Structure formats: structure tokens, C-alpha cells
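Using the sequences provided together with the hints, build the complete structure.
Given next are the chains, with one letter for each unit.
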Amino acid sequence: MNLPVIIKFVIDLLAVLLLALGIKGLSKVKSARDANRLAAFAMSLSVVGLLSYYLGTSGIAIQSWIWILIGSIIGSLFGAILAKKVPMTSMPETVALFNGCGGMSSLLVALGVAIFPISGGQENFDFFKSLINEVSISVSIFVGAITFTGSIVAMAKLQGWLSTPGWTQSKVRHFVNIVFAVASLIAFFDLINGNTSSIWLLVIVSSLLGIGVTLPIGGADMPVVISLLNSYSGIAAAAAGFVVDSQLLIVAGAMVGAAGLILTQVMCKGMNRSLVSVLFGGSLSAQSTASSGSGEYTNITSCSVEECALTLEAANKVIIVPGYGLAVAQAQHTLREVTKKLEQNGIEVVYAIHPVAGRMPGHMNVLLAEADVPYEQLKEMDVVNPDFPATDVVLVLGANDVVNPQAKNDSSSPLYGMPVLDVQEARTVFVIKRGMSAGYSGIKNDLFDLPNTSMVFGDAKKVLNDLIGELKDLGVGEK
Amino acid sequence: MSFISLLWVLLLGSLLGLELIGKVPPTLHTPLMSGANAISGITMLAALTLIVKAEGNVPLLIIGSVSLGFALFNVVGGFFVTDRMLAMFSRKPSNKK
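Chains E and L are the protein sequences, given in the same order. Per full-length UniProt numbering, numbering of the first sequence is gapless, rising by one per residue and ending at 479. Per full-length UniProt numbering, numbering of the second sequence is gapless, rising by one per residue and ending at 97.
The set of hints was computed from the structure by calculation and includes no laboratory data. Values in this document were obtained by computation on a predicted structure and should not be read as measured data. Cβ atoms here follow ideal geometry from the backbone N, Cα and C, with glycine treated the same way. Please note that a few of the clues may not be correct.
[To be verified] Okay, the calculated bits of chain E under chain L, using three or more residues with CB under 8 Å as the criterion: (1) 48-57; (2) 66-77; (3) 177-183; (4) 197-206; (5) 243-257; (6) 362-368.
See the structure below:
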């Protein structure tokens, strides 16, 4: 071993260690931010390691430097701008977009290596010589393409640019996807057999497969899909690692792949969905129209903001149940104003956070933290559920399915078995909502029909602003 | 590196990944996903390798450069966005005491 090899080995080892520590640290609130920076540092370190290795051995041509600069400046610039500009509510689609681009990168590397087998007798860059290289190129293209198109479809659906086409809810889509899958397998083996031209077939059909699999999945299940695609992009990176013979890539890719799988499982658990039903079951709303889930409301009580304020003023303990609707209305700051007033009056205020509140596990915590809500006031579902019977007022803000008692009571409901917040146990429940539309699942919410539930119709932000006014009139929060 | 040892690397890396994020509070799932996603942009190393080894093959240089761009978009954007999310958590405990 000569010096450049040893240096690269040490740097790679250090980078892997730091990446592992980074992922580990990301799992604790205290250390998470430093851990993220540590991981970023490890990534830069790995680039330094790679470049110094080539500088010390084959050298890097000026031309290569130019293309390296072009690619990295443009990519980093766009990434940084998007990351700074994007609102916190759009986090899921942003992660999906980043993820898709990672997949695209692996796809392009494999494609480049496959189309232009590098000449010039470079011993460790002699691709297509062994079966292994062909397999890893094929895997990299296959997984990379699925990751890319799948993530883009997921992003477009979350942004509302794409709806779920009707045909994708019928059995036809299974047939279509099986055709795509079989075609990719054929192209896969053809490629391994040395027929380079079938590489385009592989690119096209695996791209189509990514679209075909993601398109039928409903909005509620999208976080699970993004998490799964995140895992895929790790696998694609690991496959690209085999292509360019880099242990560091393989380790990092495998770590992300495994981490993504675990997260996917956790999310499925939180929504009481199995991965199989998410991937092959179609959207939840399509199922529910067929079952007993839909129905008419019979006993809706609506009330004014004034009544709501009066009840709040008389309360001792208030639990807030925030949902995605709150985030859409950008009302988290206004909500914080309301709760501040209540607290100043000696009323105990707690936020009940369902594991999948918002659009991803932990999404709601991020949004509330943005509005300066103290971390200690955020209570997880299992902690807060026993408190509801001793609670005077529950404010449900833009949450729907996660407070649906059907999940506990109605075994025919598609939601049955999903862990929910037992808000109906509280003395009074106010649901602030624009109208009577259904939640993500498209299922009727039995909570709205209960006698202790009152609906306050209106945009969350406007209602909360009015509430601040009413509370002021009542002298709440003014010492 | 022989293929077999690369397979070992793959296996151990996967096991490490499974162990590392065994216990995570739900609060951190979104930032963790975003952070892990940024790390998956490590394919930038493959893109770099491609460019360095292209030896004046312009189409290959372009493919490598585009690939590098996509990867860095993922990496830089991913880490920044994760940092933005985590900044909101970490300032909490110190503020409210």
C-alpha cells in the first residue's frame, strides 16, 4: 500500500465513523443538531479523501476540475436556495424531491459507466468485465429510476399537482405494474447477458414502474412511501458503490437503506397500516366509499367564537389537538397567542400530538416549535390519553382522522384499530374546521355527531384571531 | 477490494443502520428521515469518480457533472433543511427554563 491509499483508507474510516455517530445523534433531541452538522462534515471529509487520493495517484485533469465545479456549484446552489425558501409545511414534498434527485444521481452514474466503458487500461475501472459489475450497474439503474420517478410522483401528489386517476384504483393497475416489473426483469437479465442496448429498456420500464406503483397511493399514505423511497435511494447509492468500487459508498448507502426501512415500519405502525396494504391496497378513501365508512351527519352542533371563548375562560384544563389543517392555515403562531392568554389566566394548556399529526411523524412538533411552543407542553398520545376525562375543553384544530372514535368503536370502519386521541372523553370538544369535508381518509368522523362536540366553522387562523379578540373582551390574560 | 469483502461491507453497513436508529422519539422522525436522505446523496462520490476517470470523454464528463449536481442538490439541500428543522427544537429547552 502506498501513501495515498493509506490516507484515503484512514479518511474513509473516519467518515464512516462520523456518519454513524451522526445518525445515532440524530435520534436524540439534545444532540440532533450537532449530529446533523457532524454528518455534513463527514460528507465533506469523504469528498476531500476521494479527491486527495486521485491527486496523489492518477492526478485530476483540468477538464475534470471544470466539470466538477460546474456540477457542484449548480447543484449546491439550487439545494441551498430551496432549503432556505421552502415553508415548513411543505417538508414532506421537499424531502421527496431531494430524495428523487439522489436516485437520479445513482442512475446517471451507472448509465454513464454502462454507455462509455472507460478505455485506457485502468485496472480498477475495467467495467463490464465481470458479471458483478453488470449486476451492480443494473441494480443501480433499476433502483435509481424507481426512486426518481416514485419520488417525483409523490412530490407532485403532495403538492396537489397530480390527483389519483380513477383507473389506478381498479385491478388494472396490478396488471400494468406486473407488466412493467416483468419487462424490467427481462431487460435486467438481458443486460447482464451483455446486451448493452437493453439498458434503455431497463431505464424506461423501471421509471414507469416507479410511477405505476406510486400513483395509486393516497395522500395519507404518502409519508410511508417517501420513507420507503428514502430507503431505496440508500440501496441505489450502495449499488453505485459496487459500480465504482467504493466501500464508503456501500456502507453509507446500506446504513441509509436500513434506517429508511425502520422508519417506514414505525410510520406504518402509527397509522395502523401494513406496508403491503399501503403499497397494493390503493388509497384509503377509495376503500371507504365501498364500506360503511361514509354516511350523513345527523346531529351537528355549531357554535360561535364567542361561546367558545366563554367556555375556555371558565376552564381549568385545556388540551389542544393540532392537525395538518392548522399548518395549512399557517395558524400556529396565532394559536400560540391564544394559549399564552389562557396560561396567563392560570389555565393549564397542553398540546396532544398524535404520532402522525401533520403529514409525517414529528412534523407537527416541528411546526409548533417554529411557533415557540415550549417543548414540555407537547404531549405524546399515550401520555395524554388518560388525561382527557379530567379535561374541560379540547380544541381540535385541523385534525380529523386522528380524533375519530370510529377507530375504537366501529369494527367495520377502515380506520378500525388505528390509535386515536380520546378527545370525546373530555367535557367539551370544539372542532375548528372550514366545513364538513372529510379528512385524509375520506371517512365520516363520528366525533362531530356527539352531543359534547361543537363545531366552530371557519378558517383556523381567522377563528383563532377572533378568539383572541373575544378573550380580550372577557379580560382574559390581562393582569 | 474483492467482491466478497464488498458484500461483507454491505452486510455490516446494513446491520449498523438497523442498530443505529433502533430507538427514536417520534418527534425526530421527520428530521431523521431528512438527515438520512441527505446522507444518501453520498453517490456524489461515484459521480466524482466518474468525472475524474472520464479522461476527456466529453459525454461522460457531462453525465458525471449532471449526476454530481443532482447528488449535491440532495446533500446540501438535505442538510440545510434538516438543520432548519432542528434549530427549532434545540433553542427550546434553553429559552424556557
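Hints, verified against the model:
1. 48-57: holds (count 3)
2. 66-77: holds (count 8)
3. 177-183: violated (count 0)
4. 197-206: violated (count 0)
5. 243-257: holds (count 15)
6. 362-368: holds (count 4)
When each numbered hint is compared with the structure, violations occur for hints 3 and 4.
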